[in-house]
Amino acid sequence: MSAAVNSSLVFRPITRADLPGLMELVGRAGVGLTTLPPNEGELGKRIDASVATFAGTADPRDGLYLFALIDSASNKLVGVSGIAPAVGLRQPWYSYRVGQVVHASEELGIFTQTPTLFLSNDHTGHSELCSLFLDPAWRKDRNGALLSKARLLFLAQHPDRFAKKIIAELRGVTDNNGKSPFWESLGRHFFSMEFAHADYLTGIGRKSFVAELMPKHPLYTSFLTPEAQAVIGQTHELTRPAQAMLVSEGFRYAGHVDIFDAGPVVEADVADLGAVKSSVLLPAEIGPRAPSAHDVPHLVSNTRFADFRVALIPLPRRGRITLTAEEARLLGVAAGDDVRVVPLSTKDR
Amino acid sequence: MLILRPSRIADLPEVQRIADASVIGITSLPPDRDRLFEKIRQSVESFESDRDVSGEETYFFVLEDTATGRLMGTSGIAAQAGFHDRFYSYRNETIVHASPELAVSNRIHALHLCHDLTGYVLLTSFWIDPSLYNTEWPQLLSRARLLFLSEYSQRFGDKIAAENPGVCDDQGQSPFWDAVGRRFFNMDYPQAERLSGGRSKTFIAELMPHYPIYVPLLPPAAQLAIGQLHPVAELPFSILLDEGFDTDTYVDIFDGGPTVEARIATLRTVQGQRRLPVTVAPAPLKGGKPHLIANLSSEDFRATIAPVLAEGGERAQIAPEIATALNLSSGDAARVVPL
Chain A
1 MSAAVNSSLV FRPITRADLP GLMELVGRAG VGLTTLPPNE GELGKRIDAS VATFAGTADP
61 RDGLYLFALI DSASNKLVGV SGIAPAVGLR QPWYSYRVGQ VVHASEELGI FTQTPTLFLS
121 NDHTGHSELC SLFLDPAWRK DRNGALLSKA RLLFLAQHPD RFAKKIIAEL RGVTDNNGKS
181 PFWESLGRHF FSMEFAHADY LTGIGRKSFV AELMPKHPLY TSFLTPEAQA VIGQTHELTR
241 PAQAMLVSEG FRYAGHVDIF DAGPVVEADV ADLGAVKSSV LLPAEIGPRA PSAHDVPHLV
301 SNTRFADFRV ALIPLPRRGR ITLTAEEARL LGVAAGDDVR VVPLSTKDR
Chain B
1 MLILRPSRIA DLPEVQRIAD ASVIGITSLP PDRDRLFEKI RQSVESFESD RDVSGEETYF
61 FVLEDTATGR LMGTSGIAAQ AGFHDRFYSY RNETIVHASP ELAVSNRIHA LHLCHDLTGY
121 VLLTSFWIDP SLYNTEWPQL LSRARLLFLS EYSQRFGDKI AAENPGVCDD QGQSPFWDAV
181 GRRFFNMDYP QAERLSGGRS KTFIAELMPH YPIYVPLLPP AAQLAIGQLH PVAELPFSIL
241 LDEGFDTDTY VDIFDGGPTV EARIATLRTV QGQRRLPVTV APAPLKGGKP HLIANLSSED
301 FRATIAPVLA EGGERAQIAP EIATALNLSS GDAARVVPL
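Line by line, the protein sequences give chains A and B. Going by the working numbering, the first sequence opens with residue 1, and the numbers climb by one from there. Going by the working numbering, the second sequence opens with residue 1, and the numbers climb by one from there.
For the record, the hints were derived by calculation from the structure and aren't laboratory data. Glycine included, every Cβ here is placed at the ideal spot set by N, Cα and C. Keep in mind that the hints are not guaranteed to be accurate.
Stated by the list, open to error - Calculated from the model, a selection of chain A residues having no Cβ within reach of chain B, i.e. all distances over 12 Å:
1) E40
2) G44
3) D48
4) R61
5) D160
6) S222
7) T235
8) A254
9) G287
Stated by the list, open to error - One side of the interface only, derived from the structure: several residues of chain B facing chain A at Cβ under 7 Å:
10) M1
11) F37
12) R183
13) P209
14) Y211
15) Y214
Stated by the list, open to error - Some chain A residues well away from chain B (every beta-carbon gap over 12 Å; in silico):
16) S72
17) L89
18) A196
19) D272
20) S292
Looking at chain B on its own, in the form it has when it is part of the complex:
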């Protein structure tokens, strides 16, 4: 059985293995033991924070195979993008240049550096073992975060965003970076990304062009890269699209990858989930449709995918081994949403 739960310090070796395997573009999983340790430590504190929240919290989840103890995926939430500093994005804008006298009207695509997404809840750190790509488990890894947000909505704002890696070649060279960032940095993209992983991304954003960029002036390859997703991220991206995230407005300032955003309340999982008391079935459960199901704890948050038998829409009946895995007893409330 696979269970999503908060990461613990003891996970460090496994998380390090995952960070080493993950690709360019997931800067929130740096392959650096000290930084990963710090990430987990902060997460543990965040899950324990309860009402005492500052916005600085970062929540780091792991997907554990309970049979082997092996970690099969990671995902995360940052309570506030750019906390105590700015969070930079490029906003797609259209500028109409028109002259009725000359019978000319042109729509010019421009990128405008902005702080619009500062303070948004940020979904981060998505990585799943390739052996699980064609299963339902990526759904759990991504969407269980939304069940957590639903339960602890007082800890979070009402808007959410997620960065997605943009296109780059096999050497990690990004056509968008080469046309934009490189002109202000004189370094290649992987180098800049290492810097941005190590320091505040804002720090680097301060050095980027602040005036709007007229897209028609960029080379064709860079223009094509704007809002283009790196193929490795298609799976998590498609889950966010299904949830109703908007993809058209913002792109990453470094690689031009799409930064998606939404109001949390409008997301499909948030709208479809229900908080119901559970009934532990006398084993085994007969029937029931697959659901995401999560307990309501913070430090001991647990979520999985399992059949749930709705009892008149007022209670959720689950199998005993699921109840055990999620630390649920009959009468406890849980959040459930159809898969």
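The shape of chain A in the complex, shown without the other chains:
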């Protein structure tokens, strides 16, 4: 495995100055990037919420940590990802819990298992990984893993800012026109609205309004179309790598799906996440570092809060941490400062 990484990339809290870059970035996302609608006002609100959260001035119910992935060579914003410290405290948080009912009569020789969907608020108060989007031109060299997993180091460094449990919603299956078979079979009947519009309303914080129009009674999935039944708990093709990455860190599907597109919600205990358990604090040395055939990419972060930073750095699996002067500058660390370190890939840990 090559240890080649983009040494110019740094992960840090988003700032108000990032708005034009963010707007340009999400313009490329299209339907499905629910929490980042391509609307400058909405994106500005997201950034403000994040800035306030880092500043400690946000109402805890509105908390949001948004991070930008910056190419320091061009000073360009190439990716974004976030963590919500607690969902569902301002507006109800809905998901469907996939269950089943058994109807059986030995006397009649009948035994049928029918999957059901129960509307739930089970994840209320959980933290959430959210809002991940990477510029397609940068989807290489483990940059996606950096953008996603750097958040886990933030969780590891600041666990008291988050709930014990964390979830991530994965995009459900849609066709080439952005139509969701699940939505077409279920949601559409309950209000005349295109999936894309419902998704947009959700993105601008109106998901609970939309959810209030959805059926409240448990649903027998056998009343849905076969196409809709087939996508319950299924991840969009383009989101499967992200799912695999989360699963490798300890997230798992525990039977909850999104109420609109039936994409899976994966969940984990923060303390059990691979990157949280395996990361260690070590003092950084600064100086020249000779590349080695044994180097593997490591996530390296500083230990700060509002000026939290992460970079992907090839390091030997064991031994002292030596950062180049440039890496130390990107991370904002001085010689002797502690850094948090974990191999990027779970198999290198």
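With chain A's structure known, arrange chain B on it following the hints.
Chain B only, in chain A's frame:
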């Protein structure tokens, strides 16, 4: 002359002939000799029960052509729907899903499994010979039951219901069943119906979906079948509508056919009937308008349609052959209602 009277064990061969001829949807007339025998035996006991009633009674009437002895129709009453168990129906409900913020308001039709009709008096077993469809005799067959209910009101509750067969195709396949019951049963409708005729219907209802069914999720054919009547039942159904039964609230859990219900006291026949002493006319009766007329006996209940001459609204004058057929003598009371 046609006379409605309680069924007797001796009627069994004729009742069996009728059961063989009747259509899918009348599960209370199973084409099975032992069960028909049991049905008649229970009915005989019920008519004899007088004050000693439990709610388990089932009353089975037959329409006899006195000239030939041939039975031309059947009808019945069950004292309490679902006696000692639950009686299941789907209740039509409207759920409003509204969001003022999104300027959306939708009325969603849902079916809610319920026991609302448990304990209601149930009208059952209506069948009439096709040769009598366009006569007044179906009126007697259906409505004479209401005269019986009026006379023996202490044996019955104050609410009443009647199941009506829903739509199915020539093979007996029901679009409602295919969309709902079949998903929980893996068997076709005629098969399920045979089971439900043979066992408690409740037993099967226990296996049906208990959460509300959102109607918009059903296929169009199943949606159309909700509350739709099988064409064979138009005649008895129209009589119940004329009586003032409500058709909008309940449907059958198997085929989606309309289950009608009412308060007994509000039914047209119950409101219009009168209990009057009879006068047997010196034959023949001159004038008189056609009425349903019934004697007041239980075991020897008799009813027919005949001209009645109202004497100042205090007595009912009837022809001697009618009096004979109904076991009435001058001075006996009878229940009469204009046809």
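Each hint tested on the structure:
Non-interface status of E40 of chain A relative to chain B is upheld: no Cβ of that chain comes within 12 Å, the nearest being about 22 Å off. No Cβ of chain B approaches the Cβ of G44 of chain A within 12 Å, the least distance being about 21 Å, so the stated non-interface status holds. The beta carbon of D48 of chain A is kept farther than 12 Å from every beta carbon of chain B, the shortest such distance being approximately 22 Å. The non-interface label for R61 of chain A is consistent with chain B: the shortest C-beta to C-beta separation is roughly 19 Å, beyond 12 Å.
Distance to chain B confirms D160 of chain A as a non-interface residue, since its nearest Cβ pair spans about 35 Å, more than 12 Å. With a least CB separation of 4 Å from chain B, S222 of chain A falls inside the 12 Å interface cut-off, contrary to its annotation. For T235 of chain A, the shortest C-beta to C-beta distance to chain B comes to about 24 Å, beyond the 12 Å cut-off, and the non-interface label holds. The Cβ of A254 of chain A lies farther than 12 Å from every Cβ of chain B, with a closest approach of about 22 Å, so its non-interface assignment holds.
No beta-carbon of chain B is positioned within 12 Å of the beta-carbon of G287 of chain A; the least distance is around 59 Å. Hint status for M1 of chain B: violated, given a least beta-carbon distance of 47 Å to chain A, over 7 Å. With a least beta-carbon distance of about 24 Å to chain A, the hint placing F37 of chain B at the interface is violated under the 7 Å criterion. Checking R183 of chain B against chain A by beta carbon gives a least distance of about 4 Å; that is within 7 Å, so the hint holds.
For P209 of chain B, the suggested interface contact is upheld, since its CB lies about 6 Å from the closest CB of chain A, less than 7 Å. Taken as an interface hint, Y211 of chain B checks out: its beta carbon lies about 5 Å from the nearest beta carbon of chain A, inside 7 Å. Evaluation of the Y214 of chain B hint against chain A yields a held restraint, the C-beta minimum of about 6 Å falling below 7 Å. Taking the minimum C-beta to C-beta distance to chain B, about 43 Å, the non-interface status of S72 of chain A holds against the 12 Å cut.
The claim that L89 of chain A is not at the interface with chain B holds, since no C-beta of that chain comes within 12 Å of its own (minimum 19 Å). The beta carbon of A196 of chain A sits about 15 Å from the closest Cβ of chain B, which is more than 12 Å, so the claim that it is off the interface holds. Here D272 of chain A stays apart from chain B, with its beta-carbon at least about 35 Å from theirs, past the 12 Å limit. Every Cβ of chain B is farther than 12 Å from the Cβ of S292 of chain A; the closest lies at roughly 59 Å, confirming the non-interface assignment.
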